[in-house]
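Letter by letter, the chains look like this.
There are 2 protein chains.
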Amino acid sequence: MYARRGRVTTPNGSFETPAFMPVATAAAMKGLTPAQIRGTGSECILNNAFHLLLRPGAERVKALGGVHKFMRWSGPILTDSGGFQAFSMAQINRINEDGVTFQSFIDGSTIHLGPESSMRVQQDLGADIVMAFDDCPPAGESVAEPERLKRTLDAKDRTLRWLGRCVAAHCRDDQALLGIVQGGTELALRTASVQETCAFDLAGYAIGGVAVGEGTDAIERVVRHTAPLLPVDRPRYLMGVGYPRDIVMAVESGVDMFDCVLPTRNGRNGMAFTREGAIRLRNAIHADDAAPIEADCDCEACGGGFSRAYLRHLFLAGEMLGPTLVSIHNIRLFQRLLLDIRRAIDDDAWLQFRDRWPCVNQVQGRTPDPTGVLDD
Amino acid sequence: MYARRGRVTTPNGSFETPAFMPVATAAAMKGLTPAQIRGTGSECILNNAFHLLLRPGAERVKALGGVHKFMRWSGPILTDSGGFQAFSMAQINRINEDGVTFQSFIDGSTIHLGPESSMRVQQDLGADIVMAFDDCPPAGESVAEPERLKRTLDAKDRTLRWLGRCVAAHCRDDQALLGIVQGGTELALRTASVQETCAFDLAGYAIGGVAVGEGTDAIERVVRHTAPLLPVDRPRYLMGVGYPRDIVMAVESGVDMFDCVLPTRNGRNGMAFTREGAIRLRNAIHADDAAPIEADCDCEACGGGFSRAYLRHLFLAGEMLGPTLVSIHNIRLFQRLLLDIRRAIDDDAWLQFRDRWPCVNQVQGRTPDPTGVLDD
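As given, the protein sequences belong to chains A and B, one line each in that order. Residue numbers for the first sequence follow my numbering, beginning at 4 and rising by one. Residue numbers for the second sequence follow my numbering, beginning at 4 and rising by one.
Treat the hints as calculated values from the structure; they're not laboratory data. Just so you know, not all the hints are guaranteed correct.
Unchecked claim - In the EDC-like style, the derived pairs of lysine to aspartate or glutamate whose C-alpha atoms are separated by at most 20 Å in a straight line are: (1) Lys153(B) to Asp110(B); (2) Lys65(B) to Asp292(A); (3) Lys65(A) to Asp292(B); (4) Lys72(A) to Asp292(B); (5) Lys72(B) to Asp292(A); (6) Lys72(A) to Glu199(B); (7) Lys72(B) to Glu297(A); (8) Lys72(B) to Glu223(A); (9) Lys72(A) to Asp301(B).
For clarity, every value in this text was computed on a predicted model and none was experimentally measured.
Let the sequences and hints guide you as you build the complete structure.
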C-alpha cells in the first residue's frame, strides 16, 4: 500500500493529490463553462497540444495570451505533448529519429512534430505542466511477439533520447516538464525505463503507454510494478487512466495524478457513473423515475433536482443539455471519489473507503483507448 | 405610437412587459441550464405542447409534477397549443372540424390533436399561460389568389369555432387561456377576427398566423393594423416574431409579449446578435480577435471574457460550448433590448432609444419560418 497525499503547486495555483484532471482536449470541456468545471471541484485540467497545434494553432493561442486566457481557466493546466495522438490518430507519412510527420486531419497540410517542436508548441500554449514528447506504440495485439517486443524496446529507447532533447529545448522556468516512462507490458523494460528517465532531474514523472488496448489486468500489472519504482519526492502521473477501479488501484500503487476522457465521453452518451456503478440513462427503466442520478450527489445535475426521467428525455430528444448535465455529474463523481480517497489517506481508513465505493470493486469495462477518437 | 408598459402575474411569478420569452421547445433551451437562462434576464419562457405531447408525453410530465418541476424552471411558462406545429410540421392524415390527425415523427404512431385534446395536453403540462388551439395556414405563396383567400377565411372561422371549444374545455383556474387572432395578410379579416375573438372574455389575446413566410413588410402591415384593435386592458402577444427590428415595430404598435427561436437557433449556428447588427463568428475576420462579442454586454460569454477568436475556435472545432455561449449572449442581447425598450417607455424617450440600437433600423433577414424545423 503506497497511497500518499500531496500538493502540486504551479504559477496558476495548486492542487491536492491524488488528483483527477478532466480533459478539455481542444481548450474546451465539451458543453461545460469554466465556472461549471470549477463547480465539479476540478482544480487542474488537461489540454491537448496535438489538437491545439492543428486548430487554432499554437502561435495564435500565444498571441491571444496563452491557453489559460484563451479558454478562461484560471487554475493549473497540463498539456499533453501530442506524441500519443500523432502516433495513434494521424495519417502518418514518416517516423524517424526527428519525430513524426503527418497530415492534418483538418486541412490535409503536412505537419512535423518532434521533441523540439512539441516543446515549442507547449511553450506557446503556456500550460503550467508540460509533457515530454514520447514514442507511444499501441498495444498491438495483432503483431507477432518478437516484433512487438522490438517495437516496445525501440519506443522506450527513443522516448529516452527524445527526453534529452526535450530537456535541452525546455526554456520556460514557469513550466514544469514531466518525463514519461515507457516499456509496454514488459516489466523489465519498465524498470529500465524508470531508471533511465529518472536520471533526468525533472519536476515529476509519468507512466505512459498504458490504456492503449492492453486490458485491465495488464494495466494493473504494469502500474503496480512501475509506480513504486518512481522517486518518492516527485509527483507521479498515470496517463489516460481510467475507471474508478483503475484509479483506486493506481492510488494504492502510489500514483498522484490522473486524467481520463471517461466522465465526459461516457457522459455525453448518456452513461452516468455512480458510487454503485454506471447506469445508462437512455434505458426505459428511467422513463418515469423522479429521482436524480444519485440522491447524495451535490453536482449541478443532482443537486439541481434534475430527474433521471428528465435526463433520459434530453438524450432521446437530442438536447445538448443532457450531455452537459451528465458530464458535470460524472466529473463531480470522479472528484468526489478523489476527495474521499484523499480523506481516507489522511484518516488512514482505506478499507472503510473501499466499502463506501462499490464501483471500485467492479470491472466496468475497458479503460477507453483514445486511438482514432478525435473528439476527446 | 401605442407602446406601453405592463406586468403579467402568474402563479409562478410575474414578468414585466414588453417581454421576450425565449423558447425551450422540448422543455430544454438547448445547452442552457435553468440558471443560465435566468442569468440572461429571462422571466417567462415558452414550451411547445406538440413536442412534449410526442415525447416524453404529457401524462408522463404530469405524473412527474408538471413542466416546471420537470425542467426545473421556477418562473412563468407559456405553452403553445401545438396547432401551428401539427399543421406545418407533421405528416397530416386528415384535417376536419375535430382537429388534425397526423403521424408522430418519432415513432410513426397516429395522433389526434384538436381543441379539447390540446387543452388537456396543456393542462397536463401545467404551464401558467396556455394558448387556444388554432388553424394556422402557411402564407402559401404558391397558392392561387381565390384559393388562398378562402383558406385564410376558413382558418379564421375555424379558429373561432375552436376557441369556443377551448374555452369550454378550459378547467384549470391556475392557467390563463389566451385566444389567437387569425386572418393572414387580409386586414379586413384581421379586423373581423379581433372582434370575434375578443367577444370571448379572455386573460389575453395573441396575433397568430404571422412569420409564416409572408415577409417583413407584410408582418409589419398586419401588426400595425391588428395590435391597436386588441383590448387595451389585456396582454397582447405576437407569436413567433422576430428580429429586433420586428420587435421594436410591434412594441410601437402596442404588443406586450414576444417569443422567437432566433437567439438560440442562430446562436448555435455561430451567428451573434449585437446592438450594431448580427455577426458570423465562423468568419476568418474573428480568428485573432481578442475582443468579446460586445464590449458593453454583461452576459456570461462577454462578461466572462470569452473572445471572438475563442468562440470561432469552438464553432470550427464543433465544441458544444460554442452554441451554448452564443445562445446565452443572444438571449441576453434580446433581454437587454427589451429592458431598454421598457426603460424608454417609462422615460418617454423613444427616439433616443432607437438611436442606441442601430440594429432596429436594419432589415437583417426574414423572421424565421419554423415550418419543418424540428429542433426548435
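Against the structure, the hints come out as follows:
1. For the given pair, Lys153(B) sits about 34 Å from Asp110(B) by alpha-carbon distance, which is inconsistent with the 20 Å threshold.
2. Simply put, Lys65(B) and Asp292(A) have alpha-carbon atoms about 13 Å apart, close enough for the 20 Å limit, and the pair holds.
3. For the suggested pair Lys65(A) and Asp292(B), the alpha carbons sit about 13 Å apart, so the restraint of at most 20 Å is met.
4. At most 20 Å may separate the alpha-carbon atoms for a hinted pair to count; Lys72(A) and Asp292(B) meet this at roughly 13 Å.
5. Between Lys72(B) and Asp292(A), the direct Cα distance comes to roughly 13 Å. Compliance with the 20 Å bound is thereby established for this hinted pair.
6. Between Lys72(A) and Glu199(B), the direct Cα distance comes to roughly 60 Å. Violation of the 20 Å bound is thereby established for this hinted pair.
7. For the suggested pair Lys72(B) and Glu297(A), the alpha carbons sit about 18 Å apart, so the restraint of at most 20 Å is met.
8. Proximity of Lys72(B) to Glu223(A) is assessed by CA-CA distance (about 45 Å); at most 20 Å being required, the pair is judged violated.
9. A distance of roughly 18 Å separates the Cα atoms of Lys72(A) and Asp301(B); the hinted pair therefore holds under the 20 Å criterion.
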